[in-house]
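Colleague: Chain Y: place on chain V using the hints.
Protein chains in written order, with the numbering used here: chain V, 531 to 641; chain Y, 54 to 168.
Incorrect hints may appear among the rest.
[As the list claims (entries may be wrong)] Dumping the calculated PhoX-like pairs for lysine-lysine here, alpha-carbon to alpha-carbon at most 20 Å:
#, chain 1, residue 1, chain 2, residue 2
1, V, Lys598, V, Lys572
2, V, Lys572, Y, Lys64
3, Y, Lys68, Y, Lys115
4, V, Lys572, V, Lys588
5, V, Lys588, V, Lys567
6, V, Lys598, Y, Lys153
Just so you know, these hints were derived from the structure itself, not from any lab. Bear in mind the structure is a predicted one, so any value in this text is a computation, not a measurement.
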Amino acid sequence: GENVEQHPSTLSVQEGDSAVIKCTYSDSASNYFPWYKQELGKGPQLIIDIRSNVGEKKDQRIAVTLNKTAKHFSLHITETQPEDSAVYFCAASIGNNDMRFGAGTRLTVKP
Amino acid sequence: EAGVVQSPRYKIIEKKQPVAFWCNPISGHNTLYWYLQNLGQGPELLIRYENEEAVDDSQLPKDRFSAERLKGVDSTLKIQPAELGDSAVYLCASSPGHWKEETQYFGPGTRLLVL
Numbered sequence: 531g532e533n534v535e536q537h538p539s540t541l542s543v544q545e546g547d548s549a550v551i552k553c554t555y556s557d558s559a560s561n562y563f564p565w566y567k568q569e570l571g572k573g574p575q576l577i578i579d580i581r582s583n584v585g586e587k588k589d590q591r592i593a594v595t596l597n598k599t600a601k602h603f604s605l606h607i608t609e610t611q612p613e614d615s616a617v618y619f620c621a622a623s624i625g626n627n628d629m630r631f632g633a634g635t636r637l638t639v640k641p
Numbered sequence: 054e055a056g057v058v059q060s061p062r063y064k065i066i067e068k069k070q071p072v073a074f075w076c077n078p079i080s081g082h083n084t085l086y087w088y089l090q091n092l093g094q095g096p097e098l099l100i101r102y103e104n105e106e107a108v109d110d111s112q113l114p115k116d117r118f119s120a121e122r123l124k125g126v127d128s129t130l131k132i133q134p135a136e137l138g139d140s141a142v143y144l145c146a147s148s149p150g151h152w153k154e155e156t157q158y159f160g161p162g163t164r165l166l167v168l
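Chain V with its partners taken away, still in its complex shape (with noise of 0.2 Å):
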């Protein structure tokens, strides 16, 4: 079925630098992406979305990226900030309304 791969499972940065995460799915029908930060004790809560119709969107400290063709987007935080500390997934659509989630990656942000 389809899939939704996210790398890496952990990652630890210095709290300035910058964190990626990456992930690859297989739908080719696949046109919405969002990503979610859950933090302990609550349920995911969006922090941005790219659409298949752009490469590239950017919030503030939070980038995206989308590659369609290699079908692989990533998150770029910059500048970062202890705050940001959570687990981080993200999300391909699959068919009208259903979504596939990645693993997810726990960022440790240090002070």
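Modeller: Only chain Y this time, still in chain V's reference frame:
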């Protein structure tokens, strides 16, 4: 605007007991999802409702799991009887339901521990 509401937030039960989770989606959202999230994993879809109709329940273990969304708003997910392997977080999400590939908004989840 209130987000997706779920209750209870935590539940501890003994195996073979029944358990039920409740979800109230964002007002006006027609599509409602129930997901299972195991420790260290991403959410996995159990069932999706469009209004009161279950349009995708292929991943719902129907021998012990059931769900309903009678009036197209609130939804209940039930497990009977619960097994040790059901310990996980059960997430509810909703989306407007007006177009394809919409953003899904998640509730805080119900953390289930089966002893």
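Colleague: Are the hints correct? Go through all of them and say.
Modeller: Hints, verified against the model:
Between Lys598(V) and Lys572(V), the direct Cα distance comes to roughly 31 Å. Violation of the 20 Å bound is thereby established for this hinted pair. Note on Lys572(V) and Lys64(Y): the hinted pairing holds, with a Cα-Cα distance of about 15 Å set against a maximum of 20 Å. For the hint linking Lys68(Y) to Lys115(Y), the alpha-carbon distance of about 18 Å falls within 20 Å, and the restraint holds. Distance check on the hinted pair: Lys572(V) and Lys588(V) sit about 25 Å apart at the alpha-carbon level, beyond 20 Å; violated.
Pair hint Lys588(V) plus Lys567(V) holds up; C-alpha atoms about 16 Å apart against a cutoff of 20 Å. Using a Cα cut-off of 20 Å, the hinted pair Lys598(V) and Lys153(Y) holds, with the two alpha carbons roughly 19 Å apart.
Taken one by one, the earlier hints fail for this structure at numbers 1, 4, listed in ascending order.
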